[in-house]
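**Student:** This is what each chain is made of:
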Amino acid sequence: MNDGTTPDKASLIVMSGDMDKVMGAFIIANGAAAFDMKVTMFFTFWGLKAIQKGNLTGKSVMGKMMGCMNRGGVEAIGPSRLNMGGMGRWMFKKMMKKHNVTPLATLVKQAQEQGVRLVACEMSCNVMEIDKSDFIDGVEMGGVATFISEAMDSKFSLFI
Amino acid sequence: MNDGTTPDKASLIVMSGDMDKVMGAFIIANGAAAFDMKVTMFFTFWGLKAIQKGNLTGKSVMGKMMGCMNRGGVEAIGPSRLNMGGMGRWMFKKMMKKHNVTPLATLVKQAQEQGVRLVACEMSCNVMEIDKSDFIDGVEMGGVATFISEAMDSKFSLFI
Amino acid sequence: MNDGTTPDKASLIVMSGDMDKVMGAFIIANGAAAFDMKVTMFFTFWGLKAIQKGNLTGKSVMGKMMGCMNRGGVEAIGPSRLNMGGMGRWMFKKMMKKHNVTPLATLVKQAQEQGVRLVACEMSCNVMEIDKSDFIDGVEMGGVATFISEAMDSKFSLFI
Numbered sequence: 000m001n002d003g004t005t006p007d008k009a010s011l012i013v014m015s016g017d018m019d020k021v022m023g024a025f026i027i028a029n030g031a032a033a034f035d036m037k038v039t040m041f042f043t044f045w046g047l048k049a050i051q052k053g054n055l056t057g058k059s060v061m062g063k064m065m066g067c068m069n070r071g072g073v074e075a076i077g078p079s080r081l082n083m084g085g086m087g088r089w090m091f092k093k094m095m096k097k098h099n100v101t102p103l104a105t106l107v108k109q110a111q112e113q114g115v116r117l118v119a120c121e122m123s124c125n126v127m128e129i130d131k132s133d134f135i136d137g138v139e140m141g142g143v144a145t146f147i148s149e150a151m152d153s154k155f156s157l158f159i
Numbered sequence: 000m001n002d003g004t005t006p007d008k009a010s011l012i013v014m015s016g017d018m019d020k021v022m023g024a025f026i027i028a029n030g031a032a033a034f035d036m037k038v039t040m041f042f043t044f045w046g047l048k049a050i051q052k053g054n055l056t057g058k059s060v061m062g063k064m065m066g067c068m069n070r071g072g073v074e075a076i077g078p079s080r081l082n083m084g085g086m087g088r089w090m091f092k093k094m095m096k097k098h099n100v101t102p103l104a105t106l107v108k109q110a111q112e113q114g115v116r117l118v119a120c121e122m123s124c125n126v127m128e129i130d131k132s133d134f135i136d137g138v139e140m141g142g143v144a145t146f147i148s149e150a151m152d153s154k155f156s157l158f159i
Numbered sequence: 000m001n002d003g004t005t006p007d008k009a010s011l012i013v014m015s016g017d018m019d020k021v022m023g024a025f026i027i028a029n030g031a032a033a034f035d036m037k038v039t040m041f042f043t044f045w046g047l048k049a050i051q052k053g054n055l056t057g058k059s060v061m062g063k064m065m066g067c068m069n070r071g072g073v074e075a076i077g078p079s080r081l082n083m084g085g086m087g088r089w090m091f092k093k094m095m096k097k098h099n100v101t102p103l104a105t106l107v108k109q110a111q112e113q114g115v116r117l118v119a120c121e122m123s124c125n126v127m128e129i130d131k132s133d134f135i136d137g138v139e140m141g142g143v144a145t146f147i148s149e150a151m152d153s154k155f156s157l158f159i
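Residue numbers (numbering that gives the first Met the number 0), protein chains in the order written: chain G, 0 to 159; chain Z, 0 to 159; chain V, 0 to 159.
Accuracy of the hints is not assured; some may be wrong.
Where chains are identical, the list cannot tell them apart; a pair therefore holds if satisfied intra-copy or between any two copies.
Unchecked claim - In silico lysine to aspartate or glutamate, DMTMM-like type, Cα no more than 25 Å apart, as pairs:
hint: 1; residue 1: K154; residue 2: D35
hint: 2; residue 1: K96; residue 2: E112
hint: 3; residue 1: K93; residue 2: E121
hint: 4; residue 1: K8; residue 2: D35
hint: 5; residue 1: K37; residue 2: D7
hint: 6; residue 1: K96; residue 2: D7
hint: 7; residue 1: K97; residue 2: E121
hint: 8; residue 1: K37; residue 2: E128
hint: 9; residue 1: K97; residue 2: D130
hint: 10; residue 1: K93; residue 2: D136
hint: 11; residue 1: K97; residue 2: D35
hint: 12; residue 1: K96; residue 2: E128
hint: 13; residue 1: K8; residue 2: E128
hint: 14; residue 1: K93; residue 2: D130
hint: 15; residue 1: K8; residue 2: D152
hint: 16; residue 1: K96; residue 2: D152
hint: 17; residue 1: K37; residue 2: D152
These aren't lab readings, by the way, just hints derived from the structure by calculation. Everything numeric in this text was worked out from a predicted model, so none of it was measured.
Please build the complete structure, drawing on both the sequences and the hints.
**Tutor:** As structure tokens, then:
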């Protein structure tokens, strides 16, 4: 691609689990991929929800407590501002549907189809007791070195 | 400018509507402009408040509900940490005034005077039912491609 | 270092005071330093907690009120999502200890040992009435120009 030259890169760290920020991350990633950029998304802590299969259950009691507060899967994510007892997410989804905004699950699928690399932070997975098998297919495991080496030759890097 | 070469660029995405973060964004933008950089600020979701004229009213019931929770205009923005029933904003403003910190409205004006480009995210405006006429003069409308193409040749890009 | 060439740079602005984000910032900074990058961390507002000695007391009543809500020192920092009456921090720390995650205080020390430059935002210190003597040894004071000039020739810059 790009006449024999290496493609431009972009890298995103997603630590937030808020729906609006996670959607923003995927919209930017898909936009950059549409510009033929090679995009790496590095998910840490609450951001891991976005690439989980659906139900997160830690094995220990504490893992379960965190799983309880932090149920995985893109359907469980609320927006950062309006999330009052779930009302926010319901309303936000309604408005996005009304205005034909692509849902998060579709954005994730599009990212994978466009070759966006999805990397889960190993340390966060350890702390939150999430297993590789909890993630959707195609997710890689990686450490901070994975992010740094991508960011070092990226045209832009964002912390979301 | 810059002896015939193109100026260095910086690009900022502002999704947050918290006063401290929005102020930080404008302080960085104005600082970069003072270095003769060509700065683009791309406002999405809650960040759109910072460049609105004052009163945001969506046309549908849901738009009104979101407008109610998200009243526009720089005077309505509270800091992310201290906003307890409005007390935080009051105290924060008092302290900033006492210490001669430039108010947000002035920072926005300075940014425009220094040629900082203010772009409102079209998709967010659709979802939140905000119209171009709701923004202060000089605000452009743009999509994610607008941001990507700026970020691709920016010296630095930040997600705020 | 680097065979006579100047080292690659990375710059981070830390505005958040949330434990998970501050830890993320230091993990990235230490990771980049391990890649022989010259890293500058620029702390503003709530992020200043991470590099304070422990107890923050503003001199005026308002400074004291803010100090009360924003007690300094790395031990006082809670994670952004789970902080319910202190429970979150306790649980988070327990899980991190169980999984052998380096504590924040150690990450800060490692950063200093690796030559990461820690800069406190002067304007934020003024507003929050924090003095240079409130910071751990080795912290520099700086303005937005300090950040811009580093970010301009950094391989990546992040707003955290």
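**Student:** Please name the hints from earlier in the document that this structure breaks, with their numbers sorted from lowest to highest.
**Tutor:** Violated: hints 6, 8, 10, 11, 13, 16.
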